[in-house]
Each structure stands twice: as C-alpha cells, then as structure tokens.
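Trainee: So the chains spell out like this:
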Amino acid sequence: MSEISGLLALWLREVKVFTREHSRVVSSVFTPILWLVVFGGGLGSSIVIQGMDYQTFIYPGIVSMSILFTSVFFGIYIVWDRKIDFLKEVLVAPLRRSTIFMGKVIGGMTDSMIQGTIVLLLGPLIGIGYTPLILLKAYIVVFVMAAGLVSLGLVIGSQMESPEGFGMVVSFVVYPLFFLSGALFPIDNLPTWLGYFVLLDPLTYGVDALRGAMLGTSRFPYLLDLGVITAFAAFMIALGTQAFKRMKT
Amino acid sequence: MIVEVKGLTKVYDKEVKAVDQVNFSIKEGEVFGLLGPNGAGKTTLLHMLATIIEPTEGTATVNGFDILKEPGRVRGSIGIVFQDPSSDDMLTGYENLMLHAMMFGVPRSEWGERINNALKLVELTPRANDRVKKYSGGMRRRLELARGLLHEPKVLFLDEPTLGLDPQSRERVWEYIQSLVKEKGISVIITTHYMEEADHLCDRVAIIDSGRIAVMDKPSTLKHEIGERILLKGVGDSIPDLDALSFIKKYEKYDDAVELCVDDASKRLKAVLEAFPSFEKVEIRLPTLNDVFLKYTGREIREGDAAEGGFMERIMTKRKNR
Numbered sequence: 129m130s131e132i133s134g135l136l137a138l139w140l141r142e143v144k145v146f147t148r149e150h151s152r153v154v155s156s157v158f159t160p161i162l163w164l165v166v167f168g169g170g171l172g173s174s175i176v177i178q179g180m181d182y183q184t185f186i187y188p189g190i191v192s193m194s195i196l197f198t199s200v201f202f203g204i205y206i207v208w209d210r211k212i213d214f215l216k217e218v219l220v221a222p223l224r225r226s227t228i229f230m231g232k233v234i235g236g237m238t239d240s241m242i243q244g245t246i247v248l249l250l251g252p253l254i255g256i257g258y259t260p261l262i263l264l265k266a267y268i269v270v271f272v273m274a275a276g277l278v279s280l281g282l283v284i285g286s287q288m289e290s291p292e293g294f295g296m297v298v299s300f301v302v303y304p305l306f307f308l309s310g311a312l313f314p315i316d317n318l319p320t321w322l323g324y325f326v327l328l329d330p331l332t333y334g335v336d337a338l339r340g341a342m343l344g345t346s347r348f349p350y351l352l353d354l355g356v357i358t359a360f361a362a363f364m365i366a367l368g369t370q371a372f373k374r375m376k377t
Numbered sequence: 469m470i471v472e473v474k475g476l477t478k479v480y481d482k483e484v485k486a487v488d489q490v491n492f493s494i495k496e497g498e499v500f501g502l503l504g505p506n507g508a509g510k511t512t513l514l515h516m517l518a519t520i521i522e523p524t525e526g527t528a529t530v531n532g533f534d535i536l537k538e539p540g541r542v543r544g545s546i547g548i549v550f551q552d553p554s555s556d557d558m559l560t561g562y563e564n565l566m567l568h569a570m571m572f573g574v575p576r577s578e579w580g581e582r583i584n585n586a587l588k589l590v591e592l593t594p595r596a597n598d599r600v601k602k603y604s605g606g607m608r609r610r611l612e613l614a615r616g617l618l619h620e621p622k623v624l625f626l627d628e629p630t631l632g633l634d635p636q637s638r639e640r641v642w643e644y645i646q647s648l649v650k651e652k653g654i655s656v657i658i659t660t661h662y663m664e665e666a667d668h669l670c671d672r673v674a675i676i677d678s679g680r681i682a683v684m685d686k687p688s689t690l691k692h693e694i695g696e697r698i699l700l701k702g703v704g705d706s707i708p709d710l711d712a713l714s715f716i717k718k719y720e721k722y723d724d725a726v727e728l729c730v731d732d733a734s735k736r737l738k739a740v741l742e743a744f745p746s747f748e749k750v751e752i753r754l755p756t757l758n759d760v761f762l763k764y765t766g767r768e769i770r771e772g773d774a775a776e777g778g779f780m781e782r783i784m785t786k787r788k789n790r
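Here the protein sequences line up with chains S and Z, keeping their order.
So in our numbering the end of the first sequence lands on 377, straight run, no missing numbers.
So in our numbering the end of the second sequence lands on 790, straight run, no missing numbers.
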C-alpha cells in the first residue's frame, strides 16, 4: 500500500514541478514549432516527398522529436535532484528502488504526454485530418515511446554525477536518435550503411507508426512498429530498474 | 538498545578510511552526539546508518533491524535531516510534507493532522503555502526537521542541524529538538562540530577524529576529567608551597602567573586566595568540550573555519558518495 502511495507521491511531485516551470514547457514546445514552420516550411517550398507537402511529411517526425527531447531530458533531470539533494530524501524513504524508478517514469511520461498533446494539436493547422481512430493510434505510439525514452533518460541520469555530461548526451544520444529515425526523410531508398543504422534506431519505428496512422504511408505495418517500440520500452524499463538499484546518492 | 553499531567501517578508493571500526550503542530516548571536525567521518557514519551508503565492513542495527539485511525497515524507523537542504523548492512547505507523508506510508486519514501539528511545532503554519524557494535558511531547516518527524520515527538523525544558521535560529532549532525528546521520547543522533551544541543537547557524546571514536561519555564526565582551573596573574615571586595544598591536582608556573588544576574551582577559590599573599588578577577557567577534544586528539576543533570547512565538507561528501 505504501508503495502505491509512494509512487503517487513521486508522480505528483513531477506534475506539480512541471506545471510550475513554465520555461520548461514553453521551450520544449517552441523547438518543434520552429522545426515544423521554419525547416518544414523552408525546405518544403522546394521539395515534395511521396506526393505530399514536406511540412506534412515531417509532422509525425516532429511529434516524435518533441517526445524524444522531453522524455530523455526529463530523465537526465534526476541529476538535478541529486544536486539539490532531494534525491537523498527520496532514497531514504522506505520504498523499493523499483517503485522510485516507476514513479519517475510515470512522472516523465505525464510531462511527455502533455507536450505531445500540444504538438498534436498543431496537426490540423497544417492540414492533418484526425479521426478518433487516428488519434487513438497516435496516442498509443506516443505513450509507448515516452515510456521507453523516459526510461532511457533515467538510465543515463542515474549514472551521471554532474550536469556537465548533459551536452554529451545530447550530442551522442538524442541527436543520433532523432536524425536516424527518418523523422526528416523517407527511409525507403537509403544507402545500405545508413539504412542499417536507421533500422537500429528504435525511434524509427515510432515515427513510422505515426506516419502510417496520420498520413497513411509507412514502411512497416503498424503492429510491427508498435511491437518494436514496446520491446524497446520493456527493455529500458528493466534496465532502469537495475540502474536504480545500484544508484548511489 | 535502539541503535547498535558494530565495527562499522567505510573505506573509499581502497585506502581512505572515512569511518574506521566504530562501535557504540544508544538507549531509547537518548540524545547522542558525534562531535568532530569537518571530514572526521560523521556524515559517512550517519549515511551508513540511514542505509544510503553501504559499509565496507561491520554492521549496525537500528530499532532492531539490521542495516544490511532489512534496509527498508531501517528507513521506516528513522527520520533524517540532511546537512544540505533536501526539500523541493518548487513546492510549498505543505506539499513537501505531504509528499513525505505519502512516501513514508503515513495513513491518509492522518496526513492533515500530522502535517498541521508538525508545521505548528516548527512555527511555520503561516508560511505553509509559500514555496520553499521563498524560505530563509533557518525556515528551511525547520521545515526539514518537521518533515523528518512526520512519520513518527523511533530514531532521528540530525546531520549538522544548525550549520550555517544564525545564533537565533540555532537556539530555536535546539529548543525544538529538546521539546521533541521530552514529548515523544525519541532517540536522536546528532553530528556537529559545534562544541556548544554537543554540550547543550547531548546526553552522551563520542568525539570522533579521522573516522575513529577517540572517547565517548557524558559531556559533564568528560569535562570533569579535564578539571577546572584557577589562573592567578601577577603573583610575582610570592608563590606559596603548592604541594602543601592537597586539593590541587596539578599546577603549572608561568612568568608571573600560576595555573592550578582543581576539581571544584568555585569551592576552592577561597583557600587559594588565602594561600597567595599577593596577586593582581584571578580567573576561573571551566573546561569545555574543546579542551576534551584537544586532550584526546592533540588538536582543536577550529570553529572559526566552520563556514569554509562546511563548504569543503560538502564537496568532500559529495565526492565520497559517488
């Protein structure tokens, strides 16, 4: 019983902090808009992909990007908890480490889902037509992606000792995941070497699933995509639970 | 015994012995002090007891639970106030306490009452709904003290509870601690490098230096061993035969001054003054824990370094904890 109430406490804290740190919300919504409007609009003025407007084509990719950034960064924020020593207060509670981890995961997923919702609301503005089924399929993907990516961030954050490593994570984890995911280009006719990397990127399947659901064009069937990202999420959650068990104050 | 520590040792990087074969036990309702300079290993010791650092060797029981075998139950039995602020400053005081109640399994029906009582105890009721960001250092410490008590722990760990506080806040924190012990009968382990604090609050102190306990007893006993001293200045050459005065345990002659070591200075003063034909000034020196510390470690705890030392220790403990 106290594990559940502990889980709830950790979640509640994240939600309260998130809704109070307006800069965090604003900046993480601003970046996707910039990509969509400036990059999508700019490049879209001279190219058309698979018979559709470039801006429309990258929209599912931008939704994935906002989930990617919010989720992974959320995880790394645990470094901040350590810095302000709030982490000690949590670790000294009579809770299992796995509970603490899951509390963080659902907290982060909530942030990402809010973020994702804001970006999804932009869809109709650039001509994406939603039906309840499209939205449901999109939300399932966003939900599973967030679970995996928040866990990934937490795994990294639990091993990091200071915020100085933040830039490294952005360069070596976040950007490669983003650029290799096919968020910005179709993945059908890639050079062989690049194709392999793209297929190794779990985000590829999230983007593909969203593109299939929203635009009706995808490389893999929806359920296959969903299967891959679910497996990724399950793996990251397992890894994160272990990482938290070994985490020091 | 509510706390029993057996051969507890922590070695960092295979050579630095932060805590070295420490043994002690604490009775229920006792206030036990770990007194020592910064970097003596007090915080490391406390964190091992709180199960957030693993010992290299040895173990301990807290409230009957082994820190290695049942860390969850140990954590449920203790309350801890860390040296550095550990509340979330984006949340209000009330919210911080509520999250704590939730994490520590306080029954929901009791949240409101306990939180309000805790806030009242540390006189933060009017500021309960302000964000912790807006609190002063002293208020934040008081909030965290209230938080540490919320789940009604058997043992309260206080790590330098008044470090960095102004004298007024310090005295208030002392008052809260004393009233707690009186009202709730909980046991307290307190680490400090303030002599005065240890003397004022603790039933027993362990003087800890370089990870080892140098001596452990009641502050009054420790001070009694040092003895009280009478210092006479400007005595000139007219020094009586001091060996004839049997109550003088020890004496030392300086230029123009004599220092006598006696058991009860105020009682013996009359006899001493009568024995000396002439002197200019007389001074009674009562022993402090600083003298005790000096005697057992050969060094002084330099209170003047506190601010800087505290900062260094923070860096050191941060590094050590990695």
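These aren't lab readings, by the way, just hints derived from the structure by calculation.
Heads up, a few of these hints could be off.
[Unchecked claim] Here are the simulated SDA-like cross-link-like pairs (lysine to any residue), alpha carbons at most 20 Å apart as the crow flies:
#, chain 1, residue 1, chain 2, residue 2
1, Z, K537, S, W139
2, Z, K718, Z, I654
3, S, K373, Z, P539
4, S, K373, S, V145
5, S, K376, Z, K718
6, S, K211, Z, R595
7, S, K376, Z, T527
8, S, K376, Z, R595
9, Z, K601, S, L140
10, S, K144, Z, K602
11, S, K211, Z, W579
12, S, K144, Z, Y603
13, Z, K601, S, F146
14, Z, K601, Z, P539
15, Z, K602, S, I212
16, Z, K701, Z, S746
17, S, K211, Z, K701
18, Z, K601, S, V145
19, S, K144, Z, W579
20, Z, K622, S, P222
21, S, K144, Z, K622
22, Z, K601, S, T147
23, Z, K537, S, T147
24, Z, K537, S, R224
Trainee: Run every hint past the structure and note whether it holds.
Mentor: Now for the hints, and whether the structure bears them out:
1. Z/K537 x S/W139: Violated. Z/K537 to S/W139 sits at ~29 Å, over the 20 Å cutoff.
2. Z/K718 x Z/I654: Violated. Z/K718 to Z/I654 sits at ~41 Å, over the 20 Å cutoff.
3. S/K373 x Z/P539: holds, 13 Å
4. S/K373 x S/V145: Violated: S/K373 and S/V145 sit about 25 Å apart, past 20 Å.
5. S/K376 x Z/K718: violated, 52 Å
6. S/K211 x Z/R595: Given that 20 Å is the threshold and the Cα spacing comes to 25 Å, the pair is violated.
7. S/K376 x Z/T527: Measuring from Cα to Cα gives roughly 19 Å; hence the hint holds.
8. S/K376 x Z/R595: violated, 33 Å
9. Z/K601 x S/L140: holds, 18 Å
10. S/K144 x Z/K602: Holds, at about 17 Å.
11. S/K211 x Z/W579: Roughly 28 Å separates the two Cα atoms, so the pair is violated.
12. S/K144 x Z/Y603: holds, 19 Å
13. Z/K601 x S/F146: holds, 16 Å
14. Z/K601 x Z/P539: violated, 32 Å
15. Z/K602 x S/I212: Roughly 16 Å between the alpha carbons, so the hint for Z/K602 and S/I212 holds.
16. Z/K701 x Z/S746: The hint holds at about 10 Å.
17. S/K211 x Z/K701: Status violated; Cα separation ~54 Å.
18. Z/K601 x S/V145: With a Cα-Cα distance of about 13 Å, the restraint between Z/K601 and S/V145 holds, given a limit of 20 Å.
19. S/K144 x Z/W579: holds, 19 Å
20. Z/K622 x S/P222: holds, 14 Å
21. S/K144 x Z/K622: violated, 31 Å
22. Z/K601 x S/T147: holds, 16 Å
23. Z/K537 x S/T147: Cα-Cα ~40 Å, so violated.
24. Z/K537 x S/R224: holds, 14 Å
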